[in-house]
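J.: From first to last, the protein sequence lines stand for chains H and L. Residue 1 is where the first sequence starts when you use full-length UniProt numbering, and the numbers rise one by one after that. Residue 1 is where the second sequence starts when you use full-length UniProt numbering, and the numbers rise one by one after that.
Careful: at least some of the hints might be erroneous.
One copy or two, either will do: identical chains are not told apart, so a pair holds if it fits within one copy or between any two.
Said to hold, decoys possible - Keeping only pairs whose Cα atoms sit at most 27 angstroms apart, straight-line, the calculated DSSO-like set for lysine-lysine is: (1) K31 <-> K354; (2) K165 <-> K230; (3) K405 <-> K372; (4) K257 <-> K364; (5) K259 <-> K75; (6) K372 <-> K75; (7) K372 <-> K407; (8) K372 <-> K31; (9) K301 <-> K165; (10) K13 <-> K338.
These are calculated hints, taken from the structure and not from any lab test.
Number of protein chains: 2
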Amino acid sequence: MSHPGATATDRHKVVIIGSGFGGLNAAQTLKNADVDVKLIARTTHHLFQPLLYQVATGIISEGEIAPPTRLILRKQRNAQVLLGDVTHIDLEKQTVESVLLGHTYSTPYDSLIIAAGAGQSYFGNDHFAEWAPGMKSIDDALELRGRILGAFEQAERSSDPERRKKLLTFVVVGAGPTGVEMAGQIQELADQTLRGSFRHIDPTEAHVILLDAAPAVLPPMGEKLGQRAKARLEKMGVEIQLNAMVTDVDHNGITVKDKDGTLRRIESACKVWSAGVSASPLGKDLAAQCGVELDRAGRVKVLPDLTIPGHPNVFVVGDMAAVDGVPGMAQGAIQGGKYAAKLIKREVSGTSPKIRTPFKYFDKGSMATVSKWNAVAKVGKFEFSGFFAWLAWLGLHLIYLVGFKTKIATLLSWTVTFLSRQRGQLTITEQQAYARTRIEELEEIAASVKETEKAAS
Amino acid sequence: MSHPGATATDRHKVVIIGSGFGGLNAAQTLKNADVDVKLIARTTHHLFQPLLYQVATGIISEGEIAPPTRLILRKQRNAQVLLGDVTHIDLEKQTVESVLLGHTYSTPYDSLIIAAGAGQSYFGNDHFAEWAPGMKSIDDALELRGRILGAFEQAERSSDPERRKKLLTFVVVGAGPTGVEMAGQIQELADQTLRGSFRHIDPTEAHVILLDAAPAVLPPMGEKLGQRAKARLEKMGVEIQLNAMVTDVDHNGITVKDKDGTLRRIESACKVWSAGVSASPLGKDLAAQCGVELDRAGRVKVLPDLTIPGHPNVFVVGDMAAVDGVPGMAQGAIQGGKYAAKLIKREVSGTSPKIRTPFKYFDKGSMATVSKWNAVAKVGKFEFSGFFAWLAWLGLHLIYLVGFKTKIATLLSWTVTFLSRQRGQLTITEQQAYARTRIEELEEIAASVKETEKAAS
Chain H
1 MSHPGATATD
11 RHKVVIIGSG
21 FGGLNAAQTL
31 KNADVDVKLI
41 ARTTHHLFQP
51 LLYQVATGII
61 SEGEIAPPTR
71 LILRKQRNAQ
81 VLLGDVTHID
91 LEKQTVESVL
101 LGHTYSTPYD
111 SLIIAAGAGQ
121 SYFGNDHFAE
131 WAPGMKSIDD
141 ALELRGRILG
151 AFEQAERSSD
161 PERRKKLLTF
171 VVVGAGPTGV
181 EMAGQIQELA
191 DQTLRGSFRH
201 IDPTEAHVIL
211 LDAAPAVLPP
221 MGEKLGQRAK
231 ARLEKMGVEI
241 QLNAMVTDVD
251 HNGITVKDKD
261 GTLRRIESAC
271 KVWSAGVSAS
281 PLGKDLAAQC
291 GVELDRAGRV
301 KVLPDLTIPG
311 HPNVFVVGDM
321 AAVDGVPGMA
331 QGAIQGGKYA
341 AKLIKREVSG
351 TSPKIRTPFK
361 YFDKGSMATV
371 SKWNAVAKVG
381 KFEFSGFFAW
391 LAWLGLHLIY
401 LVGFKTKIAT
411 LLSWTVTFLS
421 RQRGQLTITE
431 QQAYARTRIE
441 ELEEIAASVK
451 ETEKAAS
Chain L
1 MSHPGATATD
11 RHKVVIIGSG
21 FGGLNAAQTL
31 KNADVDVKLI
41 ARTTHHLFQP
51 LLYQVATGII
61 SEGEIAPPTR
71 LILRKQRNAQ
81 VLLGDVTHID
91 LEKQTVESVL
101 LGHTYSTPYD
111 SLIIAAGAGQ
121 SYFGNDHFAE
131 WAPGMKSIDD
141 ALELRGRILG
151 AFEQAERSSD
161 PERRKKLLTF
171 VVVGAGPTGV
181 EMAGQIQELA
191 DQTLRGSFRH
201 IDPTEAHVIL
211 LDAAPAVLPP
221 MGEKLGQRAK
231 ARLEKMGVEI
241 QLNAMVTDVD
251 HNGITVKDKD
261 GTLRRIESAC
271 KVWSAGVSAS
281 PLGKDLAAQC
291 GVELDRAGRV
301 KVLPDLTIPG
311 HPNVFVVGDM
321 AAVDGVPGMA
331 QGAIQGGKYA
341 AKLIKREVSG
351 TSPKIRTPFK
361 YFDKGSMATV
371 SKWNAVAKVG
381 KFEFSGFFAW
391 LAWLGLHLIY
401 LVGFKTKIAT
411 LLSWTVTFLS
421 RQRGQLTITE
431 QQAYARTRIE
441 ELEEIAASVK
451 ETEKAAS
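The task is simple: from the sequences and hints, build the whole structure.
T.: This is the structure we're talking about:
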């Protein structure tokens, strides 16, 4: 559809799907290219996902890690940002269909960079999501903030020891970086920030359980660092359960199957799911049209130049793409987005060689914070842990955060949290504090119906 | 109900309802009193309501103005904070009933301070609320932030000039301090922060209308200051419509009745309601039991010592109380809460005179910001406006904000916003960006049903 305010040009049209690391970096790389860029995303912000757990645990505000994409790109005159949920890509007509509040839009492209990311995977049990939210969006983080703090509030008012125990048991499923960080931060929140602020419960008695079906913590970081992170978490009071597979999640807790096949139950009101990812459904949309293969997580098995077979103008980057040796982390998406954008820029300007150089991932390493003053990091063959790894983590995250004011605000929030035990963002809305009323009521009704049925039979 | 963890004492039991200015100040005044304090509130935070409009317009984060009440009172060992919605006060049994997630609690009191505040009043048209949220809670402010920014996003994608105009028209109903501040800030957000970040619309063309059924802006501040605020707003581009009564609000706009009785329509997607207050329904609960009178806004007509007839141990303070000469502002609640707490403290310690000294309000003045660098203020007979009034506003709000870290964070946010045109808290959740889908769909279905009916008849 045409816009009266926009100048129609004959310039090469690049459409980018997604405002995460891949999409934003692709757009920025095209800054001085002779192209028209349209970035279509489902959220109005660019999310700095590695710090999402700090929003969930009250250290920083959502504004610090999720500035509006259009303000980041304001001065890039060849770029426009459009809010919308992309529902279909038409490879033949070369258009992208997106929906916003009941209106459907069709946007033509000459080149397309798909960076729609991945959501949480519940391995076929999507109904777990209601009881164990993932950690993928600002919505998730704020919802979890409400649930974590809400559980302490409810426990304070309860005089039933079993209910209180259930409310003070927090289960984090998935011992990857996000799971490790969440478990550590819930424990620190309870032990440090909330300590002494309740009268009927002792928040330091909160029981945080980190569990994983795999036999190790932080598997991609290697055995040594995994062990260090595990030891540190255990010293903080986090209970780690490995080789433990979740078979069911409900309102009151989870069911776990141990390696020997025994089933056991953990009563817990607040559960966090960080166990797996599932690529954007746009991958299936592509597969249906061009026969490209998907891996088990729904990621697109792209060619060495990150395109799909038969469509050298359609790139898939970031968490949506399956590329050997490229982890599903910020760096993979950043580098993929930049690679695709550079190729387009060169080909449009006619300065590129005939044969494309394949995408090559440069491993800058990976890291995860375990607690205040403590992180683990791996750069190539080098492995660090402890205080200096934590300092490196601090510095790198500040460098990569988008915007000067954001960096300053985050530095201030960190100073407060790390030097005192305070946290500045513990506000929850009434909606969050009471959202589960209806759910609890439904559960209670369901339970009483069951009992009535039992009594009748 | 008894709590195993709590020590039962024979101390005088003070129950406080509400964590706003009245409730929090009452609790803090009882710090060294020989009493047990229980503060029961519907939110987990103390809300600094005068800055709520800055959360709604992206200047500050919710954490800066809504720290958890229990953390503020952590070190006050005689005080406990309980989350719950108070549904009933039993004056005979001297108990307070509260509900949290389906559980009902009964809390006995010897003295009771009711500071449950006021909600927005739609003057009998509560269905307006869905289309024109009030400005009373963090939930309201975040919802409005989503609606304001969402309207610009939708306008950017629309090619229908009428729809675009509707989306870029913002109506603020009620020209009191909150209305004036919201109107000014929406205009500044559009003109300064968002300028240049869209490609199909010009956000500076956003049309902000501030309207009121009364003939003046900021009536309690007097004619001169009202005129100044009006002139300043008009210079900024805000359209002010006085003597304009809202008769209907729906999804697409509002209907207004002018002084001469003519009805007219303003098409507007985003409406804000700051036109009136309605005291907590607990007032009615009291009236039904002890026959105390309520005023038109549902406020309790208390005795000179802020108690209700026949119950010298039950105080009503803040926005819930109707006291001649005491405005429904922070200072009224703060002074009322402190007065009640001091009386209780003295009477428990046996050092009070036999006859209570009536509550006396000390008028510290009132103020409202109109825009960056510009405020109006009235202290006794003195009236100020312009830059120095704005500086005074700045300083006073920083002094009254609770917590050192909060003050620093807010000062930083203000520095950014006032010295640049940036705002650090423009993040909206997906829920906020898309919440109206369902509503729009329902509206469309309703409209099509109507059309079908018309065609059939």
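J.: For every hint, state whether the structure bears it out.
T.: Hints versus structure:
Taking identical chains as interchangeable, the C-alpha atoms of K31 and K354 lie at most 27 angstroms apart only when both belong to the same chain, with a minimum of 23 angstroms there against 78 angstroms between chains. Taking CA atoms no more than 27 angstroms apart as the test, K165 paired with K230 passes inside one copy only; the shortest distance there is 24 angstroms, against 57 angstroms between copies. Taking identical chains as interchangeable, the C-alpha atoms of K405 and K372 lie at most 27 angstroms apart whether they share a chain (23 angstroms) or sit on different chains (19 angstroms). For the homomeric pair K257 and K364, neither the shortest alpha-carbon distance inside one copy (37 angstroms) nor that between copies (65 angstroms) is at most 27 angstroms.
Taking CA atoms no more than 27 angstroms apart as the test, K259 paired with K75 passes in neither setting, with 56 angstroms inside one copy and 46 angstroms between copies. In this assembly of identical chains, K372 and K75 lie within 27 angstroms of each other by CA distance solely across copies; the values are 24 angstroms between and 37 angstroms within a copy. With identical chains, the CA atoms of K372 and K407 are at most 27 angstroms apart both within one copy (19 angstroms) and between copies (24 angstroms). Taking CA atoms no more than 27 angstroms apart as the test, K372 paired with K31 passes in neither setting, with 38 angstroms inside one copy and 33 angstroms between copies.
Taking identical chains as interchangeable, the C-alpha atoms of K301 and K165 are never at most 27 angstroms apart, the minima being 46 angstroms within one chain and 45 angstroms between chains. Proximity of K13 and K338 under a CA criterion of 27 angstroms is satisfied intra-copy only: 17 angstroms inside one chain copy versus 65 angstroms between copies.
Going through the hint list in order, the structure does not satisfy hints 4, 5, 8 and 9.
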